[in-house]
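Participant: Residue numbers (numbering that gives the first Met the number 0), protein chains in the order written: chain A, 0 to 156; chain B, 0 to 327; chain C, 0 to 422.
A hint or two may mislead.
What the hints assert, rightly or not - Restricting the straight-line Cα-Cα distance to at most 20 Å, the calculated cross-link-like pairs of lysine to aspartate or glutamate (EDC-like) are:
{"id": "1", "chain 1": "C", "residue 1": "K11", "chain 2": "A", "residue 2": "E84"}
{"id": "2", "chain 1": "C", "residue 1": "K4", "chain 2": "B", "residue 2": "D164"}
{"id": "3", "chain 1": "C", "residue 1": "K421", "chain 2": "B", "residue 2": "E264"}
{"id": "4", "chain 1": "C", "residue 1": "K30", "chain 2": "A", "residue 2": "E30"}
{"id": "5", "chain 1": "A", "residue 1": "K127", "chain 2": "B", "residue 2": "E264"}
{"id": "6", "chain 1": "C", "residue 1": "K30", "chain 2": "A", "residue 2": "E31"}
{"id": "7", "chain 1": "C", "residue 1": "K285", "chain 2": "B", "residue 2": "D136"}
{"id": "8", "chain 1": "A", "residue 1": "K2", "chain 2": "C", "residue 2": "E111"}
{"id": "9", "chain 1": "C", "residue 1": "K396", "chain 2": "B", "residue 2": "D164"}
{"id": "10", "chain 1": "B", "residue 1": "K247", "chain 2": "A", "residue 2": "E83"}
{"id": "11", "chain 1": "C", "residue 1": "K214", "chain 2": "B", "residue 2": "D136"}
{"id": "12", "chain 1": "A", "residue 1": "K128", "chain 2": "B", "residue 2": "D261"}
{"id": "13", "chain 1": "B", "residue 1": "K203", "chain 2": "A", "residue 2": "E125"}
{"id": "14", "chain 1": "B", "residue 1": "K176", "chain 2": "C", "residue 2": "E269"}
{"id": "15", "chain 1": "C", "residue 1": "K4", "chain 2": "B", "residue 2": "D134"}
{"id": "16", "chain 1": "B", "residue 1": "K176", "chain 2": "C", "residue 2": "E328"}
{"id": "17", "chain 1": "A", "residue 1": "K127", "chain 2": "B", "residue 2": "D126"}
{"id": "18", "chain 1": "C", "residue 1": "K16", "chain 2": "A", "residue 2": "E77"}
{"id": "19", "chain 1": "C", "residue 1": "K30", "chain 2": "A", "residue 2": "E125"}
{"id": "20", "chain 1": "C", "residue 1": "K16", "chain 2": "A", "residue 2": "E43"}
{"id": "21", "chain 1": "C", "residue 1": "K16", "chain 2": "A", "residue 2": "E84"}
{"id": "22", "chain 1": "C", "residue 1": "K43", "chain 2": "B", "residue 2": "D242"}
{"id": "23", "chain 1": "C", "residue 1": "K411", "chain 2": "B", "residue 2": "D66"}
{"id": "24", "chain 1": "C", "residue 1": "K16", "chain 2": "B", "residue 2": "E271"}
{"id": "25", "chain 1": "A", "residue 1": "K12", "chain 2": "A", "residue 2": "E125"}
{"id": "26", "chain 1": "C", "residue 1": "K411", "chain 2": "B", "residue 2": "E191"}
{"id": "27", "chain 1": "B", "residue 1": "K247", "chain 2": "C", "residue 2": "E269"}
{"id": "28", "chain 1": "C", "residue 1": "K11", "chain 2": "B", "residue 2": "D126"}
{"id": "29", "chain 1": "C", "residue 1": "K416", "chain 2": "B", "residue 2": "D172"}
{"id": "30", "chain 1": "C", "residue 1": "K4", "chain 2": "B", "residue 2": "D242"}
{"id": "31", "chain 1": "A", "residue 1": "K90", "chain 2": "C", "residue 2": "E17"}
{"id": "32", "chain 1": "C", "residue 1": "K4", "chain 2": "B", "residue 2": "D63"}
{"id": "33", "chain 1": "B", "residue 1": "K243", "chain 2": "C", "residue 2": "E17"}
{"id": "34", "chain 1": "C", "residue 1": "K16", "chain 2": "A", "residue 2": "D26"}
What the hints assert, rightly or not - If you want the ones that stay clear, here's a sample from chain C, every Cβ over 10 Å from chain A, calculated:
{"id": "35", "residue": "K12"}
{"id": "36", "residue": "K16"}
{"id": "37", "residue": "E17"}
{"id": "38", "residue": "G21"}
{"id": "39", "residue": "D28"}
{"id": "40", "residue": "K138"}
What the hints contain is simulated information worked out from the structure, not anything from laboratory work. For each residue, glycine too, the CB sits at the ideal point set by N, CA and C.
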Amino acid sequence: MNKKLIKFTLNDKEYKVEVEPQVLLVDLIREELGLTGTKVGCGEGECGACTVIMDGKTVNSCMVLAVTVDGKKITTIEGLAKGEELHPLQKSFVEEGAVQCGFCTPGMILSSKALLDENPNPTPEEIKKGLSGNLCRCTGYAKIVKAVEKASKELNK
Amino acid sequence: MKKRGVGLANMWYGIGNTGLPNPASAYIELLDDGTVIVLTGCADIGQGSTTTLAQIAAEEMGVDIEDVRVVSADTGITPDAGATSASRQTYISGNAVKMAAKEAKTILVETAARMLEVDEDSLILEDRKIVVKNDKDKFVKIKECLGKCRAEGKLTLGHGWFNPDVTALNPEDGQGKPYATYAFATQVAEVEVNTETGEVKVLKIFAAHDVGKAINPINVEGQIEGGCMIGVGFALMEQVKVDKGNIKTPNLATYLIPTAMDTPEIYPIIVEDPEVTGPFGAKGVGEPALIPTAAAIVNAIYDAVGVRITDLPVTPEKLLKEIKKERN
Amino acid sequence: MSQLKVVGQNVKKKDVKEKVLGTAIFAADIKMDGMLYGKTLRSKVPHGIVKKINVSQALELPGVHAVLTEQDIPGVNKAGIIVKDEPVLVGIGQRIRKIGDPLAIVAAETEEIAEAALDLIEVEVEELPAVFSPLDAMKDDAPKLYEKGNIMAVRRIVKGDVAEAFKNCDVIVEQDYTTSMVEHAYIETEAGVAKMEGDVVNVWVCTQNPHYDRKDVAYNLNIGLNQARIIQTTTGGGFGGKLDVTVHVHVALLAKATKRPVKMVYSRRESISNTVKRHPFIMKYKTGCDKDGKLIAWQTEIIGDTGAYASYGPGTLTRAAVHATGPYEIPNVKVEAYTVYTNNPQAGAMRGFGVPQVAFAHESQMNLLAEKLGISPLEIRMKNAFIPGSITATGSKLEHSVGLKSTMESAKQAAEKVLGDKF
Ligand code: FES
Ligand code: FES
């Protein structure tokens with residue numbers, strides 16, 4: 000099979016892997032590299048559970064071919080905490096009770112991170128808009144919005 | 000034009016299975032170092048039962064929440080707690096855990112009473128100590144007391160099971176006592192209806208829920224908020240379309256659920272009218288959270304535009320049609 | 000009682016750290032050495048008799064380890080929470096009752112091979128006339144899904160004499176209501192992995208109901224209850240939809256047959272298309288009160304389409320019947336609730352269990368009555384609300400913890416603070 004060698008940075012680590020052209024980014028991350036924090040809720044670009052950050056922007060990794068990440072920088076949920084130290088968003092999600100089942104959480108946190116990187120002081124409306132591609136069936140989003148507000152304050156300190 | 004309206008709705012909800020036995024059980028072991036393991040069949044599906052049960056165990060055993068580990072929902076290890084359904088786990092498994100904790104601490108209390116030379120009745124467990132109720136300077140640490148228990152060859156284990164007090168419904172006239180206790184709630188919704196498009200935006204929901212006792216208030220709020228949004232979906236958008244047995248909305252692009260953009264301001268209000276048979280007065284909240292929402296929204300829509308929809312969901316097309324009818 | 004120390008505190012969820020770190024293991028995240036992937040072949044017709052299932056070609060496909068049909072089930076080939084009416088696999092000569100009924104299961108080295116194997120299974124079905132509306136299904140000449148007929152259960156609640164009482168009402172409102180079929184849409188689809196360990200089958204699965212799952216696995220594998228170990232994985236929401244078995248028995252059968260771990264993960268489409276839904280209800284309400292707004296008579300008829308199999312259907316309709324009158328004290332009540340089979344997707348438990356549907360109706364009724372009487376929606380509710388000592392429609396006395404008036408007061412106060420006087 001015509002495997003292609005790609006190089007990319009994942010959570011600040013360099014990777015060189017051979018992938019088949021039809022392999023999806025989400026499968027590369029989950030199946031080949033074993034990082035199962037990235038979830039699959041639909042496989043059709045509708046739920047945001049598979050959200051990762053690629054060169055500063057969120058993508059649904061179920062809609063991206065792995066070969067296209069050649070030369071790019073990817074962040075998954077596993078790349079957020081610094082050792083034992085949680086990222087301020089992870090901390091605020093814990094403190095605000097923004098996590099129930101947790102299946103949407105990795106994608107939610109990454110979308111929130113991309114949002115705050117671009118807009119450090121979002122209004123609740125802007126947060127809702129920024130997270131509108133991430134479905135959560137448990138929380139009703141209320142505490143998630145609060146958690147993002149809290150983290151934004153923390154990050155701006 | 001955009002018109003606003005306010006609607007109110009009540010609900011009641013019986014905790015546990017209807018008119019059927021539905022017991023739950025739990026085991027507790029108090030370990031040498033004063034930490035606790037709870038074994039329960041109760042499946043936490045994100046609502047937080049593991050944490051709730053840990054709180055109940057910690058309270059009853061007088062230890063810190065960090066001291067309690069809950070092992071749950073593994074039929075090879077944990078006893079049957081029935082289903083995580085019918086908003087029953089806080090009430091039923093909560094009681095089972097409390098009873099197990101009570102049993103586990105009897106040996107402890109009996110031993111401590113001898114150590115302190117007081118009556119067992121005068122002792123309470125708190126802050127990892129066994130304390131004389133009326134003379135709080137007089138106590139023995141749980142860990143020390145456990146040392147004594149072990150030296151005497153005594154283990155500190157407990158089991159408990161609880162079955163709510165119900166009777167079967169008479170098949171002829173449905174008379175009976177289907178539930179041991181009920182949750183109650185009132186929700187008020189404020190909506191804004193766009194009379195040109197038929198679109199409804201829910202602006203605010205005030206959700207007051209009588210949960211008996213909130214074991215973990217922030218988790219109760221989470222249940223209320225999440226429930227409200229399932230209610231918003233039920234009221235305004237959700238519909239599995241079926242044609243000759245075939246589902247025509249088989250993905251999340253065709254079956255729409257609320258997104259963050261649909262979230263109104265939700266004001267969860269916890270009302271505590273304690274249930275004497277519940278663990279620390281608790282009942283349940285999981286399902287009640289969503290029950291009155293759609294009704295409150297529909298009543299609010301009527302208040303806004305004078306149109307009463309009797310067929311859910313209230314899609315923009317449906318509402319617009321009725322608004323036009325009303326105008327003519 | 001001494002001061003509570005832990006109860007009543009906002010304790011952080013015990014498992015929350017793993018969840019924000021992305022290290023919590025959900026069923027789809029499990030990987031084991033030698034693990035195979037399972038897929039399910041499903042019926043495309045809503046009603047019929049299976050005439051032929053030929054798996055020989057599928058078995059020959061390289062990478063396929065097992066293709067199982069009904070004949071390979073050692074046990075009862077039945078599942079179901081309340082009534083065991085649901086086949087684990089529909090076999091030759093047996094009846095399909097809905098689109099999506101499972102006919103065969105495959106275990107293969109990869110998901111792709113398993114998928115390809117499904118295409119190689121030949122199936123012939125003799126189609127039967129089907130019925131898709133519960134109202135049609137209740138008619139005598141409707142195609143019957145079961146010998147006993149399509150009315151699965153009827154629940155009646157009778158208190159006092161409604162016919163007589165309606166004569167004494169000053170105001171009566173009559174209205175029909177309907178609600179839609181609703182999907183749980185938990186973000187995690189159904190998934191599980193099974194592995195034999197000696198004579199015990201371990202099933203790691205997302206579930207709300209491990210001890211019940213154990214029964215269905217054991218009875219279908221024909222092993223002891225102590226040989227079926229269900230281990231709940233971190234579960235991505237349930238809302239009632241993860242009470243019934245889905246992948247559970249299938250992965251267990253495949254693991255037993257192949258002696259390898261077998262994993263199944265439903266795609267979103269497979270999940271929505273084949274798992275239980277919220278019952279769509281058809282409801283008739285007639286409610287009457289005196290000129291002061293005191294409820295006197297209440298009559299409700301509910302028809303719930305439970306689809307092809309019962310699942311939690313009769314439980315849902317029973318609960319709906321009990322709650323049909325709302326939290327109000329009424330001397331004369333008559334409720335009839337029908338659980339009806341159709342060839343539609345099956346409905347089961349969903350958060351609220353029939354009560355969101357009836358709440359929509361009873362709370363609409365209350366507003367209709369208030370309007371006719373010229374009193375406020377809050378006032379009519381306050382007049383009739385349950386209080387300690389109230390007798391429900393099933394004749395039970397509410398002794399304590401009846402906080403309804405408090406919830407009304409609290410909700411009103413909170414809303415007034417923000418919205419001004421609206422009540
Ligand atoms: S799994 Fe990628 S968007 Fe749902
Ligand atoms: S917490 Fe369950 S889907 Fe968001």
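Participant: If a hint holds in the structure, say so; if it doesn't, say that too.
Facilitator: How the hints compare with the structure:
1. C:K11 to A:E84: Status holds; Cα separation ~17 Å.
2. C:K4 to B:D164: 29 Å, violated
3. C:K421 to B:E264: Given that 20 Å is the threshold and the Cα spacing comes to 18 Å, the pair holds.
4. C:K30 to A:E30: 9 Å, holds
5. A:K127 to B:E264: 12 Å, holds
6. C:K30 to A:E31: Within the cut-off at roughly 11 Å; holds.
7. C:K285 to B:D136: Roughly 65 Å separates the two Cα atoms, so the pair is violated.
8. A:K2 to C:E111: 18 Å, holds
9. C:K396 to B:D164: Roughly 13 Å between the alpha carbons, so the hint for C:K396 and B:D164 holds.
10. B:K247 to A:E83: 47 Å, violated
11. C:K214 to B:D136: The given pair, whose Cα atoms are some 52 Å apart, is violated under the 20 Å limit.
12. A:K128 to B:D261: 10 Å, holds
13. B:K203 to A:E125: 18 Å, holds
14. B:K176 to C:E269: 40 Å, violated
15. C:K4 to B:D134: Cα-Cα ~19 Å, so holds.
16. B:K176 to C:E328: 15 Å, holds
17. A:K127 to B:D126: Measuring from Cα to Cα gives roughly 42 Å; hence the hint is violated.
18. C:K16 to A:E77: 12 Å, holds
19. C:K30 to A:E125: 39 Å, violated
20. C:K16 to A:E43: Cα-Cα ~28 Å, so violated.
21. C:K16 to A:E84: Given pair C:K16, A:E84 holds - Cα atoms ~11 Å apart, limit 20 Å.
22. C:K43 to B:D242: Cα-Cα ~13 Å, so holds.
23. C:K411 to B:D66: 41 Å, violated
24. C:K16 to B:E271: At roughly 30 Å apart (the allowed maximum being 20 Å), B:E271 and C:K16 break the hint.
25. A:K12 to A:E125: Violated - the C-alpha atoms of A:E125 and A:K12 are around 32 Å apart, more than 20 Å.
26. C:K411 to B:E191: Roughly 19 Å between the alpha carbons, so the hint for C:K411 and B:E191 holds.
27. B:K247 to C:E269: 12 Å, holds
28. C:K11 to B:D126: 19 Å, holds
29. C:K416 to B:D172: Violated. C:K416 to B:D172 sits at ~45 Å, over the 20 Å cutoff.
30. C:K4 to B:D242: 55 Å, violated
31. A:K90 to C:E17: 12 Å, holds
32. C:K4 to B:D63: 9 Å, holds
33. B:K243 to C:E17: 44 Å, violated
34. C:K16 to A:D26: It is violated: about 24 Å lies between the C-alpha atoms, which goes past 20 Å.
35. K12: 7 Å, violated
36. K16: Nearest chain A Cβ is 7 Å from C:K16, so the label is violated.
37. E17: 8 Å, violated
38. G21: The assertion about C:G21 is violated, with a minimum of 2 Å to chain A.
39. D28: 4 Å, violated
40. K138: The assertion about C:K138 holds, with a minimum of 37 Å to chain A.
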